[in-house]
Amino acid sequence: MISILTSTVHSLVLAGPLAQPSATHGNTNVELVVGIFLFVIAGFVIGFGGLTIGRIVRPTMPHPEKGKAYECGEPAIGDSWVQFDLRFYTVALVFIVFDVEVALLWPWAVVFKDMGAPAFWAFIVFFLLIAIPFLYEWKSGYLNWVRASTAQKRRSVLEEGT
Amino acid sequence: MVEFLTSQLGVSIILALVVIGVMLGSVAYCIFFERKIAGWVQDRFGPNRVGYRGILQSIADGGKLLLKEDVIPGHVDTPLFILAPAIIFLVAFVGFAAIPWGGQLQLGENLVDIQVAKPDIGLLYILGVASIGVYGVVLGGWSSNNKYSFYGGIRAAAQMLSYEIPLGLCILVVVLTMGTLRLESITLQQTEYWGGILPMWNVILHPLAFLVFLITALAESNRMPFDLPEAEQELVGGYHTEYSGLKFGMFLLAEYAHMITASGFIAVLFLGGWHFPWIAWTQPEATAWYAVIAKMLVLAGKITFFIFLMMWLRWTLPRLRFDQLLRLAWKGLIPITLGLFTLAVILVYVGRQQSLPWALLGNAVVLAIVLAAAGLSQVEVTGRQANLPSIRPGPVSTGTART
Numbered sequence: 116m117i118s119i120l121t122s123t124v125h126s127l128v129l130a131g132p133l134a135q136p137s138a139t140h141g142n143t144n145v146e147l148v149v150g151i152f153l154f155v156i157a158g159f160v161i162g163f164g165g166l167t168i169g170r171i172v173r174p175t176m177p178h179p180e181k182g183k184a185y186e187c188g189e190p191a192i193g194d195s196w197v198q199f200d201l202r203f204y205t206v207a208l209v210f211i212v213f214d215v216e217v218a219l220l221w222p223w224a225v226v227f228k229d230m231g232a233p234a235f236w237a238f239i240v241f242f243l244l245i246a247i248p249f250l251y252e253w254k255s256g257y258l259n260w261v262r263a264s265t266a267q268k269r270r271s272v273l274e275e276g277t
Numbered sequence: 352m353v354e355f356l357t358s359q360l361g362v363s364i365i366l367a368l369v370v371i372g373v374m375l376g377s378v379a380y381c382i383f384f385e386r387k388i389a390g391w392v393q394d395r396f397g398p399n400r401v402g403y404r405g406i407l408q409s410i411a412d413g414g415k416l417l418l419k420e421d422v423i424p425g426h427v428d429t430p431l432f433i434l435a436p437a438i439i440f441l442v443a444f445v446g447f448a449a450i451p452w453g454g455q456l457q458l459g460e461n462l463v464d465i466q467v468a469k470p471d472i473g474l475l476y477i478l479g480v481a482s483i484g485v486y487g488v489v490l491g492g493w494s495s496n497n498k499y500s501f502y503g504g505i506r507a508a509a510q511m512l513s514y515e516i517p518l519g520l521c522i523l524v525v526v527l528t529m530g531t532l533r534l535e536s537i538t539l540q541q542t543e544y545w546g547g548i549l550p551m552w553n554v555i556l557h558p559l560a561f562l563v564f565l566i567t568a569l570a571e572s573n574r575m576p577f578d579l580p581e582a583e584q585e586l587v588g589g590y591h592t593e594y595s596g597l598k599f600g601m602f603l604l605a606e607y608a609h610m611i612t613a614s615g616f617i618a619v620l621f622l623g624g625w626h627f628p629w630i631a632w633t634q635p636e637a638t639a640w641y642a643v644i645a646k647m648l649v650l651a652g653k654i655t656f657f658i659f660l661m662m663w664l665r666w667t668l669p670r671l672r673f674d675q676l677l678r679l680a681w682k683g684l685i686p687i688t689l690g691l692f693t694l695a696v697i698l699v700y701v702g703r704q705q706s707l708p709w710a711l712l713g714n715a716v717v718l719a720i721v722l723a724a725a726g727l728s729q730v731e732v733t734g735r736q737a738n739l740p741s742i743r744p745g746p747v748s749t750g751t752a753r754t
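Residue numbers (the working numbering), protein chains in the order written: chain A, 116 to 277; chain B, 352 to 754.
It is possible that part of the hints are untrue.
Restricting the straight-line Cα-Cα distance to at most 27 Å, the calculated cross-link-like pairs of lysine-lysine (BS3-like) are [stated by the list, open to error]:
(1) K415(B) x K181(A)
(2) K415(B) x K183(A)
(3) K419(B) x K498(B)
(4) K415(B) x K387(B)
(5) K181(A) x K419(B)
(6) K387(B) x K183(A)
(7) K181(A) x K498(B)
(8) K682(B) x K254(A)
(9) K419(B) x K387(B)
(10) K183(A) x K419(B)
Rather than coming from a laboratory, the hints here were simulated on the basis of the structure.
For reference, chain A alone in the conformation it holds in the complex (with noise of 0.2 Å):
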């Protein structure tokens, strides 16, 4: 997928040689897919199968108060299933953006050493578009964790006063 990409932006936008695929030999689907597999079958087999076993051999006496949940010994007021912090949304939405960008210089830094110069313009360019909002971010406050918190502290202090 990626090559066919690659390749495809190259034709279109870039005239050079591209990257020849590296002299040490890959594997065959059937050697990569059962080489995968022994792996995750391994994870399952171990994780479930260990379960099963538990269930066998564990005992099970339930209690009302081993139902509940645990908050130090006092009874839990609410669900915790409940909105949160807008902090912690604002960290996922930046890293969203950032980590696209990341995900898109992955192709590119493979093939980089054979492309030469439209290669590395084209980074200055994304690179930009990485750099400057970022420093808009960093500027307009985005990134500080204490913002928010304090800024409430503020008002209502302001709001005491008068």
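Based on the hints, put chain B in the right spot on chain A.
The following block gives chain B in isolation, referenced to the frame of chain A:
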């Protein structure tokens, strides 16, 4: 039969079984070593009652966890509650399939690779699999329907997302230098020498990237000083507060499996994998069976070193506060890695990606720029923020240490 066993597929299957077995054993024994190292750091014995000097402690622990009652509280989301430990355990396991263990082995006429799977995108595969691990933690925290677990879960999400960006950029530095995503090619390129003496390991070429990678790997496997999601003192047990019995044990095992995978990844990317300089047995040309065993032992030694380092750090360093944690990622590591990445791009562009003096000079320049920028802009990467506006009237507290 013999023909099958000496083919690549047969060797892969045998190696997979060996690696899975060794990994299970070493994961169990990691817990024992962790407690022994804790004892060493804190000047006490550690476990020493079960077997000779406590050597059977892991087996006793496993038996205890298996025989304990496994409570599924009534208020949880049961399918997700069971799925979460399974996911985190599986993911920590599967990433290990692509680690190159010992170069090539001569079997009769065949030359087979001592590596279970050799995908073209080995690096991307490990990174992708490792990223799924966050689901285990978040689902565990969410499905428990407990406020401690929930808070641990969202903390874990924010932390793992934040540290994934510097992690990816650090790996991009290596990819740019090596020009490939295949782990075996990356190892192979590191087996050459500068001036015939110094091995071309990436840790020598890009020491800053190695340091940042080590920090982010610690954060990604939720180890001290980044174990905010399960911080015992504030969140009881974080995302595994409601888990008991074997499911709790699976979270514990997964953490150590994750450590082993992360250590293997660091060893392959930055420390030359199975390569040990100056010894003929660990060079890529050596393909006899004893050379392969020597190479596997070298890689295992490097992994053991990193696991020891992680445990040592855990019992030495205090935990960061959550705002410090995120500030370190967004205002410390990401600018540094962006600088390192630019450096790698420039080095490759001028064709000096394997030149030691240029790379070290570049690293020094990046470090100097970062330190100068931090000094000029008064941004502290960790510690109290000195420039917050004062809330109370009266003398302004700068927040620095009292003298």
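Outcome of the hint check:
1. For the hint linking K415(B) to K181(A), the alpha-carbon distance of about 19 Å falls within 27 Å, and the restraint holds.
2. A distance of roughly 23 Å separates the Cα atoms of K415(B) and K183(A); the hinted pair therefore holds under the 27 Å criterion.
3. At roughly 24 Å between alpha-carbon atoms, K419(B) and K498(B) fall within 27 Å of each other, so this suggested pair holds.
4. In summary, the hint linking K415(B) to K387(B) is supported, as the alpha carbons are separated by about 19 Å, within the 27 Å threshold.
5. For a cut-off of 27 Å, the pair hint linking K181(A) to K419(B) stands: about 14 Å separates their Cα positions.
6. A C-alpha spacing of about 35 Å is found between K387(B) and K183(A), which places the hinted pair above 27 Å, so the restraint is violated.
7. The hinted pair formed by K181(A) and K498(B) meets the criterion: a straight-line CA distance of about 16 Å does not exceed 27 Å.
8. Our distance criterion of 27 Å between C-alpha atoms is met by K682(B) and K254(A), whose separation comes to about 11 Å.
9. This hinted pair checks out: K419(B) and K387(B) have alpha carbons roughly 24 Å apart, not beyond 27 Å.
10. Among the hinted pairs, K183(A) with K419(B) is consistent with the structure: their alpha-carbon atoms are about 18 Å apart, no more than 27 Å.
Checked against the numbered hints given earlier, this structure breaks only hint 6.
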